[in-house]
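**Q** Sequence:
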Amino acid sequence: MGATPASTVAYVTPVVGAIVLHEDITWNQVMGAAVAIAGIVLGQARVVPPQQTPGSSADPAEPAARE
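So for the sequence shown, the working numbering puts the first residue at 70; every next one is plus one.
These aren't lab readings, by the way, just hints derived from the structure by calculation. It cannot be assumed that every hint is accurate.
[Stated by the list, open to error] Label-pair distances were calculated between CB atoms; the ranges are:
(1) PRO119 - ILE88: 39 to 45 Å
(2) PRO123 - ILE94: 53 to 59 Å
(3) PRO123 - LEU90: 56 to 62 Å
(4) TRP96 - ALA75: 26 to 32 Å
(5) ALA102 - GLY71: 19 to 25 Å
(6) THR122 - ALA72: 33 to 39 Å
(7) VAL78 - PRO119: 30 to 36 Å
(8) VAL84 - GLN121: 40 to 46 Å
(9) GLY101 - PRO74: 16 to 22 Å
(10) GLN121 - GLY86: 47 to 53 Å
(11) VAL116 - SER76: 16 to 22 Å
(12) GLY71 - THR95: 29 to 35 Å
Note that CB positions come from ideal geometry on N, CA and C, so glycine has one too.
Put together the whole structure using the sequences plus the hints.
**A** This is how it looks when you write it as structure tokens:
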């Protein structure tokens, strides 16, 4: 388990506490939860590099090699 999944617990605990303990929820808590969840999703996302097509160069400013 890496640092990102482990730190998720710290961000989700207040949300779960508000639901389980039936605390009053205000708009800024909802926005904070949305930002925290968005950060979790972005942190867990897998980045896939774009695939190179045959004949294309790694540098878009460099002209393609001629055969």
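**Q** Run every hint past the structure and note whether it holds.
**A** Hints and how they fare:
1. Range check, PRO119 to ILE88: about 40 Å between beta-carbon atoms, so the 39 to 45 Å window is met.
2. One distance hint, 53 to 59 Å for the beta-carbon pair PRO123 and ILE94, holds here, with the actual separation near 55 Å.
3. A beta carbon spacing of about 59 Å between PRO123 and LEU90 agrees with the range 56 to 62 Å that was offered as a hint.
4. Separation of TRP96 from ALA75 is about 29 Å and conforms to the stated range, judged on CB atoms against 26 to 32 Å.
5. Remark: the range hint 19 to 25 Å for ALA102 to GLY71 is upheld by a beta-carbon distance near 22 Å.
6. Between THR122 and ALA72, the C-beta spacing of about 36 Å keeps the proposed range 33 to 39 Å intact.
7. Remark: the range hint 30 to 36 Å for VAL78 to PRO119 is upheld by a beta-carbon distance near 34 Å.
8. Checked against the hint of 40 to 46 Å, the pair VAL84 and GLN121 passes, with Cβ atoms roughly 42 Å apart.
9. Between GLY101 and PRO74 the C-beta distance comes to about 20 Å, which sits within the given range of 16 to 22 Å.
10. Between GLN121 and GLY86 the Cβ separation comes to about 48 Å, which falls inside the hinted range of 47 to 53 Å.
11. In this structure the supplied range 16 to 22 Å holds for VAL116 paired with SER76, their Cβ-Cβ distance being about 19 Å.
12. Between GLY71 and THR95, the C-beta spacing of about 33 Å keeps the proposed range 29 to 35 Å intact.
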